[in-house]
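There are 2 protein chains.
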Amino acid sequence: MSVSIMTQELLALHISHNQAAMLRFIDQHPLADCAEAFSQLLTERQFTEQDVCQLLTLLPLEKQVALFGYFSLTWQEKLAEQMDAQQLTQLTELMPHDERADLLTQLEPELQQQVLDQMDSEERSDIQRLVAYPEESVGAVMTSDFAVLAADYTVEQAMQKLRSIAKQTETIYQAYVVDDQQRLQGTVSLRDLVISEPSLTVGKIMTRVLIFVRVDEDQNVAAQAISKYDLLALPVVDGQNRLVGIVTYDDAMDVAEEEADRHMHKSAAVDFTGNLKEASVGLMYRKRVFWLVLLVFGNLFSGAGIAHFEDTIQAYVALVFFLPLLIDSGGNAGSQSATLMVRALATGEVIGKDWAKMLGREVMIAGLLGVTMAVAVSMLGLWRGGPEIALVVAITMQIVVIVGSVVGMSLPFVLSKLKFDPASASAPLITTIADAVGVIIYFSVATMILDFPPTV
Amino acid sequence: MSVSIMTQELLALHISHNQAAMLRFIDQHPLADCAEAFSQLLTERQFTEQDVCQLLTLLPLEKQVALFGYFSLTWQEKLAEQMDAQQLTQLTELMPHDERADLLTQLEPELQQQVLDQMDSEERSDIQRLVAYPEESVGAVMTSDFAVLAADYTVEQAMQKLRSIAKQTETIYQAYVVDDQQRLQGTVSLRDLVISEPSLTVGKIMTRVLIFVRVDEDQNVAAQAISKYDLLALPVVDGQNRLVGIVTYDDAMDVAEEEADRHMHKSAAVDFTGNLKEASVGLMYRKRVFWLVLLVFGNLFSGAGIAHFEDTIQAYVALVFFLPLLIDSGGNAGSQSATLMVRALATGEVIGKDWAKMLGREVMIAGLLGVTMAVAVSMLGLWRGGPEIALVVAITMQIVVIVGSVVGMSLPFVLSKLKFDPASASAPLITTIADAVGVIIYFSVATMILDFPPTV
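Chain order of the listed sequences is X and Y.
For the first sequence, position 285 (counting from the first letter as 1) is numbered 1506 according to the numbering used here, and the numbering increases by one without interruption.
For the second sequence, position 9 (counting from the first letter as 1) is numbered 1230 according to the numbering used here, and the numbering increases by one without interruption.
These are computed hints drawn from the structure, not numbers from a lab.
A few of these clues could be false.
Any copy will do: because identical chains look the same in the list, a pair fits if it lies in one copy or spans two.
[Claimed, not checked] Below are the DMTMM-like pairs computed for lysine to aspartate or glutamate, each with C-alpha atoms no more than 25 Å apart in a straight line: (1) K1382 x D1347; (2) K1388 x E1479; (3) K1299 x D1451; (4) K1578 x E1257; (5) K1449 x E1478; (6) K1449 x D1439; (7) K1449 x E1391; (8) K1284 x D1248; (9) K1449 x D1248; (10) K1578 x D1532; (11) K1498 x E1480; (12) K1449 x D1366; (13) K1425 x D1401.
Predicted, not measured: the structure shown is a model, and the values here were computed from it.
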């Protein structure tokens, strides 16, 4: 059932005050969809936050936590502000540790303090530890509730332990074996435990952990590792190799999705990853205006080039006919190269020192593309302006496609070398650079071939 | 350890013929990295396919299968061609059902037949079923080895069953309950089984399956569902609601990654998702040339516009100064809008009927952006050409930004309505359209304000 139909049904049940039917409805639909429908109804002010909070209290606690977890952080915050301290504390006690830390940092200091005060000191310090990690770090996305075993447990004891913590632990499918210093020794999957002799020790059946990540690394490193090594969860260690958390595959999927969006949007010079439908006009204006204005000033270089060659243009106005075509072609070829390279750098398929190797190949590819496009455009040149113009546009096309491609493939390398995000080598930026270079190449070639005295 | 260091170490061990050390090395490194290092060595012709095949035979069969699975399909195919039929059959018998079907379709018909002949008829028909699904469908990415239970099993019997199939089943963490017609009844997680009373029946503890997917749906639907609902695996049913397979989270991650790459590359008008470093010059030429040449012809419209206004240009050469700037700005604003919209449509955040609603907002945002950019550019206009030129470029800027944005946001809707991929609304395409429209707007405004007689 589509969420928009669910929204209508929920609204109808709400208007008729049929609470029992509403609970049945929630029972029969995926919680993620229910949360989406409620968010929709909240946005349209058909439901108030109090309505949703009250409905939550009617659900079994476990389901309440799960449903609440599917709301966006913004809605979680607004809902939390309408709950009494007891409901909120109950909820946060059972929420995944990473999600509740995210939520608490969003709350008013007063409310935050109320919730923290009601927690026992261990939970409190856990939250304080989690919120201290920088935003893009592994620490900010990991969870601190994971299953820990000792190497001298028997398989039977291990199963017993996992059974007892199953309800409040995010995953029991992967358990971690640590020594008395909390240092990571190995890992055991529930699958391994289930198929092993109950009397064996965990130390005997565990596998060495070959893949882990430091808590201060970038989240994308964790997400990429989980995807590459097909992991359910990735252990996270601190500087002393002590196990401090795990990143689960579902969090890794969210990180990867956000990263892909960010890349995509950077490639169009707009840095926005929220919900497009909910974003205000003012927000979208702010997200877009910076790059657009900056690129206007970048285009001054093209203008300056044109100004420099005004006499040539005056004498051969037909040259203007080919101007958009030639400068666009350089930009298009450059955008292709930049996009391919940004992605190859992001996946680690290509690294910094490969630049020289890639350059030679890029020149060959661009050379071939340039020949093809020069042939296409020279026919237009013949038709529009005669053989001399045809020669000018063909030579220019060949050069701008090579230059554009080389700039496009190199810029991501340069940015990454300078510790900027390679994805900032966006199509509009490449276009602007290719335009300026293209104008100068075009009119220089024209001036030479059409036998003008050099302009000043 | 980085893969390039691993490559060097493996090469050193290979040259010194130290097979025992090589096996130890494989034992101590993640198999995904080993496969990457071997692929590198194969590409550089430091290892032959026979070397790798021979090494594989020295590994325990389970490890052999896992390592082989981390090679790309291209390398799997080349390696398979060097194996004797017995080694290949052993391997394929234990491979995940989806991966072995992919591999077999790549093999020479003769070799393919040899392998199929050695399999028992059930396995053979499983493969034949899997390879019959269209390339982008759920069927082509699902696996057919999943854990099935009956509702009248006790928890204890269910555990027994899962234990017995654990080795050859891709995941036992999620088991599916079907009736005697293979119709999906419910699902039980291993976690549920582990924490439940052994004497309860599966029917008692199973949960209703609310989320499943049809085998002929697009793979992206499955990947999105797994991410949205945080699933480990998604059940796949045929037209009669019979369970025919599952899609696991790791396959969903691969699908999502490929889709993100595809989007990213479409946005730059280049359709390539392979390994950039391994791709040949010829392949890259073919992947890039089509769009580039097509866009050259698209640019003819800009040229035609310019030709139409040649007299205006001749009289006011200063106008050419602002040409790249104005047409680029329309294209840049349009690329931003298109990128935001393509992503919103892909995630389902925005649907077809939202177009009208989004249009009004887009005009407001673009109006504000246009004003800002018009102010910036009019100052340049004053400086370069006086108040009349300033007025022309300011008005043109305002119009092209609005037109560019509206085209950029609408094109993905139009493409999706026409059943094309909205992601084809690439930056270069938008740029080309915005250029042509921009040229006409610019010189029309100029002709009006600078008080020319209309040209023919």
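Now the hints, each set against the structure:
1. K1382 x D1347: within (21 Å within a copy, 39 Å between copies)
2. K1388 x E1479: For K1388 and E1479, neither the intra-copy (29 Å) nor the inter-copy (35 Å) Cα distance is at most 25 Å.
3. K1299 x D1451: between (36 Å within a copy, 23 Å between copies)
4. K1578 x E1257: For K1578 and E1257, only the inter-copy Cα distance (19 Å) is at most 25 Å; the intra-copy one is 49 Å.
5. K1449 x E1478: both (15 Å within a copy, 11 Å between copies)
6. K1449 x D1439: both (16 Å within a copy, 23 Å between copies)
7. K1449 x E1391: For K1449 and E1391, both the intra-copy (22 Å) and inter-copy (17 Å) Cα distances are at most 25 Å.
8. K1284 x D1248: within (9 Å within a copy, 43 Å between copies)
9. K1449 x D1248: Between. Shortest inter-copy distance 18 Å satisfies the 25 Å Cα cut-off; intra-copy 36 Å does not.
10. K1578 x D1532: neither (42 Å within a copy, 49 Å between copies)
11. K1498 x E1480: both (20 Å within a copy, 22 Å between copies)
12. K1449 x D1366: For K1449 and D1366, both the intra-copy (24 Å) and inter-copy (22 Å) Cα distances are at most 25 Å.
13. K1425 x D1401: within (18 Å within a copy, 41 Å between copies)
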